[in-house]
Every structure is written in structure tokens, then in C-alpha cells.
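All chains should be built: construct the whole structure from the sequences, respecting the hints.
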Amino acid sequence: MLVCPRCGLPEADNRLCDECRRRPPQFDAARAAFRYSARLRPVIVALKYRSYVGLAWDLAQHMALAYKRQDWTVDLVVPVPLADDRLAERGFNQAELLARPLSWLLRVPLHSWELQRNRATPKQVGRTFEARYQNIQGAFSAEETLVKGNRMLLVDDVMTTGATLNAAAAALKAAGADTVYAITVGRATL
1 MLVCPRCGLP EADNRLCDEC RRRPPQFDAA RAAFRYSARL RPVIVALKYR SYVGLAWDLA
61 QHMALAYKRQ DWTVDLVVPV PLADDRLAER GFNQAELLAR PLSWLLRVPL HSWELQRNRA
121 TPKQVGRTFE ARYQNIQGAF SAEETLVKGN RMLLVDDVMT TGATLNAAAA ALKAAGADTV
181 YAITVGRATL
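The working numbering numbers the first residue of the sequence shown as 1 and each following residue consecutively.
These aren't lab readings, by the way, just hints derived from the structure by calculation.
Glycine included, each C-beta is placed from N, C-alpha and C at the ideal position.
Fair warning: there could be bad hints in the mix.
Label-pair distances were calculated between CB atoms; the ranges are [to be verified]: (1) Glu11 <-> Thr145: 21 to 27 Å; (2) Pro42 <-> Pro109: 20 to 26 Å; (3) Glu144 <-> Asp71: 24 to 30 Å; (4) Asp58 <-> Gln137: 19 to 25 Å; (5) Gly54 <-> Leu87: 29 to 35 Å; (6) Phe92 <-> Arg151: 25 to 31 Å; (7) Gln116 <-> Pro24: 22 to 28 Å; (8) Glu143 <-> Gln70: 22 to 28 Å; (9) Glu11 <-> Trp57: 26 to 32 Å; (10) Ala88 <-> Thr145: 35 to 41 Å; (11) Arg107 <-> Gly138: 30 to 36 Å.
In silico lysine-lysine, DSSO-like type, Cα no more than 30 Å apart, as pairs [what the hints assert, rightly or not]: (12) Lys173 <-> Lys48; (13) Lys48 <-> Lys68; (14) Lys68 <-> Lys148; (15) Lys173 <-> Lys68; (16) Lys148 <-> Lys173.
Quick look at the structure:
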């Protein structure tokens, strides 16, 4: 599949997409196991909102295959953290559920504490491109002593505009991360 080499946007003919040219993301590259589609949506909904946590292992295997197709080397696997209220409501962080088996499959340590969420943000679903970026701006921070000089693999469930991954990558880079790659189960087309 031909994708944007930076954000992984499908159908970008292996050239930088318009958005990556206009506003280069903070992450070095992002890829997904699947294109987000009507077939993938119920799987993500079942994982996130219906507590079908057993899906995480199968999805992580596909993410591992997508990772191995890249020429990436990472030191740490880091899930995108949830806000405390959303974590309490769900009882789990779907990104961490995916990151645990992915870490094991890649034989790369999982570190859930390098990246923190500073504040709760309203849900991104239904927001415009620009509103997503504004909503998540400054929502994350990272501890320099844990991050500096490391190559990080950010994990989340779905990438739509890339706003959440961009904000998380910005926090990791500000704390001294050498490289930040991102991997998700699904990648939406805009």
C-alpha cells in the first residue's frame, strides 16, 4: 500500500501528504496495521467500549507485523496515556492493552510511566482537524531522566488526524527523546 512516509496516510503515493508538508508532525514516522474502515470500527469499539480486552493480543500481532515492515529501531514501547477520569470509567487504557503484547512480541521493554497526561481533554471524535489539534495541545508531559536519548515507539488504537500522537510525540521530544515512531491498529483517511 502506498502511504505518506511520515504519517502513514493511505493513498499518498509514497510522497509526503499535504498535511505533513503544511504542518510536519513531531513524530518521525507513523504506521498502522490496517486502514480504519467500516470493518475495523466494530473491533475497535469492542476493545475500547465493550471491554473485549482479549482482542488486544490479536491486534498487537498485526501491529508487530506492521512494525517489522519498517526500518525502525526502538528502545522503549510507550502507550498513549488516558485521562484519569476516562481510565476510571473504562477500567483500562486500550493503548496499554495493545502495548503490552506488542512489547513482548518485539522484545522491547514497555514503559507506561515515561509519558503522563497533564489534563483531561474532551473526546476527539466528531471534532474538525483544527479543533483536534487545539483540544490536545499541551495535554502530555514526559520525564527527561526517563526519556532522554531513547528511541520511542508510541502506541495507540487509531490515528485519524494524528493530533494525539503529535502532542504525545512533542512531549517526548521536549524531554529529549532521540526518535519517536508511532504505531496504531488503524489509520483513518481524512
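| task | Could you check the structure against the hints above and give me the numbers of any it violates, in ascending order? | result | Of the numbered hints given earlier, those the structure breaks are 1, 2, 4, 5 and 10, listed in rising order.
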